[in-house]
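Below are the chains, spelled out letter by letter.
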Amino acid sequence: MIELNVNDIKKNFGGLQALNGVTFQVRGPELVGLIGPNGAGKTTLTNILDGVIKASSGTVYLNGQRIDTMPPYHVARAGLGRTFQVTRAFRRMTVLENLLVPAMALHATASRRSLEKKAWEVLEFLTFEHLVNDYGRSLSGGQQKLLELGRLLMLDPDIIILDEPFAGVHPKLMERIYEYITTVNAQGKAFIIISHDMDTIFTLSQRLLVLNFGELIADGDPEVVRHDPAVVEAYLGEEEEAASPAMTETYLGRDKREDA
Amino acid sequence: MKRKWLWGLIAVVVLLLVAAPAGLETSPYFMHIAIVAFFYAILASSWSLLAGYAGQFSFAHMAFMAIGAYAAGLFGKYVHLTNAPTGTCFELSLAKMWLVFGASCLELGKASMPAGTLIYRPPAPPGIVLGVIMGGIFGLLIGVLVLRLRRTYLALFTIGFSEIVRITLNAEIEVTGGPNGLELAPLFPNGIHLLGLYFSPTNKIPPYYVMLALFLGAMAFMYWLAGSRFGLFIRAIREDEEAAAALGVHIVRYKVLVFAITAMIAAAAGAVFAHYIGVITPNILLILQMSLVIAMAVIGGLETLIGAAIGAIIIEFALEFMRTSFNIGPLEIDMTTWRLVFFGLLLMLTLRFWNNGLIYPIIQRLTRGGITQETVAKRVVVTESAVEGTVEGQG
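Chain order of the listed sequences is A and B. Heads up: the first sequence at position 78 corresponds to 78 in the working numbering, and the numbers run straight through without jumps. Heads up: the second sequence at position 223 corresponds to 223 in the working numbering, and the numbers run straight through without jumps.
If you're looking for bench data, these hints aren't it; they were derived computationally from the structure. Treat each hint with caution, since some may be false.
[Said to hold, decoys possible] Residues from chain B that face chain A, not an exhaustive set, calculated with beta carbons under 10 Å:
(1) Ala236
(2) Glu239
(3) Glu303
(4) Ile306
[As the list claims (entries may be wrong)] Think about it this way: if two alpha-carbon atoms lie no more than 30 Å apart in a straight line, the pair counts; the simulated BS3-like pairs of lysine-lysine are:
(5) A:Lys172 with A:Lys118
(6) B:Lys77 with B:Lys110
(7) A:Lys54 with A:Lys10
(8) B:Lys4 with A:Lys118
(9) B:Lys96 with B:Lys110
(10) A:Lys117 with B:Lys4
The beta carbon of each residue, even a glycine, is placed where N, CA and C say it ideally should be.
In isolation and in its complexed conformation, chain A is listed as follows (with noise of 0.2 Å):
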């Protein structure tokens, strides 16, 4: 069973108080999506929860053990992988290569051989097999993007946080991340979604957590947070609130109510 528990991390740079209190758990596989205004704290939030930077004050437990004081390739190792907003594929090493790095660092004693037959598997998955000699640099801005998802599978972390993995995808790899997601989602791995683009993380969470000036001041169903006075008055906006019935028609061509 995944358990994440975030309780009351708090972080200072100098002056400026970036997160105060943020606490929340992530049980089971579920869809998290996590949202805010630019400054808000979130990837701040997901910096901390990766071991890049360490919280001022708090702490950070998965599945028991505590990773908040781990460097990153532990916490990556004890069960929790991430992308990041800009990709960061490896540019000057082959698509095989990237999906290599996760696995031999995860199995340090297994064979070559059998990692690279595990990375056929994710091409098949990514139906990226034409691509795997090509070098990270002469793929496409999106499928980098699916090629960042495609070394987290082979990391096979409990918890997955993606950083804006819709921002600038041409539409039809937008319709394969999201694919990637609820696939992956279905075979029982927790994501924690950042995004800017509000159709897509309404359609596709299934609780919502809201950072507003480096605190959580929502948590709860996409539909309550939505209509959640304080999260309208800080992100959505009267505007986009009044629009929401609209924004299930996403250009996906999806409607998550609609398929339930």
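Following the hints, position chain B against chain A.
Chain B alone, transformed into the frame defined by chain A:
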């Protein structure tokens, strides 16, 4: 098929290098250039592993080389073997011999030692091993200190370290010989018998084979490393440290390790080369020398070990052959100076027009040419099937 062909080519080149002394025995000068070329090839390729593969643009490589050379030299200066105890030095009993540490105490002890006591300089190998260990220790230390430094800061830090080593070696005249240098025993002080032939201590053939073996051994080791998970991880670190760490790569371990390993390889080259030359001076640490190694790697191709090595060998030979001055009418062109200008021009042109080096593109063609065609063919198939799918869908 392509791979077999490549291995065949490597085997032929190795055989030619092994057989070369047979045809060049009468040209000690040529043999000397070959030995120096192998020395630089080891340095350029190991620097390529550090800077090209791991992205650690260090200027301390020649300092590690010098640490290896001086450690070997100081071992020869301060450690001796005797068949009687000195009573004045710190000494260890080894069977019927004594391992004596210290030079001045040995001089004092000579008076009280029995007549006929033999004092030997130790053979080169233990000094070389000590040099490699010292190179590794300093590499580890610098690797830890520069963990958080990148690009310009790393370069400046390592220049600073290199200068400290050079100035210390210059200043400590009593220990290191200062600017006059430190003398080392030849690799084979009594000559050597090989395949029934005797080679004198000054013969170039034995050191040629020693340096060739070190070069081939270092290349094989580095290629093995580059092809292992170690190589994959250091390249991932070069590309993006944060992303590599987020994928489970232990950044600290691999950054420190790559410094230590490449420092050990440079130190081994330095220790062997110093024994071959017979004297080592702090001038080997001048920034010009480090620049030469960097330029060799850049011209050969920074991201390929063999490219950097071939670059080093070609440039070393070219620089030597360009020494011959000539006249244009009444004007005498002093090539001892002008050759460096040509070399600088070649470096500038390489950086401007072929920033992957001159050798690397050829290697890419040999090793990835088929892959590119294969990928293009697969892309065509994928595109065609997508188009067919669209047409069917429309139909």
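Each hint, compared with the structure:
{"no.": "1", "hint": "Ala236", "result": "holds (5 Å)"}
{"no.": "2", "hint": "Glu239", "result": "holds (4 Å)"}
{"no.": "3", "hint": "Glu303", "result": "holds (7 Å)"}
{"no.": "4", "hint": "Ile306", "result": "violated (17 Å)"}
{"no.": "5", "hint": "A:Lys172 with A:Lys118", "result": "holds (26 Å)"}
{"no.": "6", "hint": "B:Lys77 with B:Lys110", "result": "holds (16 Å)"}
{"no.": "7", "hint": "A:Lys54 with A:Lys10", "result": "holds (10 Å)"}
{"no.": "8", "hint": "B:Lys4 with A:Lys118", "result": "holds (27 Å)"}
{"no.": "9", "hint": "B:Lys96 with B:Lys110", "result": "holds (18 Å)"}
{"no.": "10", "hint": "A:Lys117 with B:Lys4", "result": "holds (24 Å)"}
In summary, the one numbered hint that this structure violates is 4.
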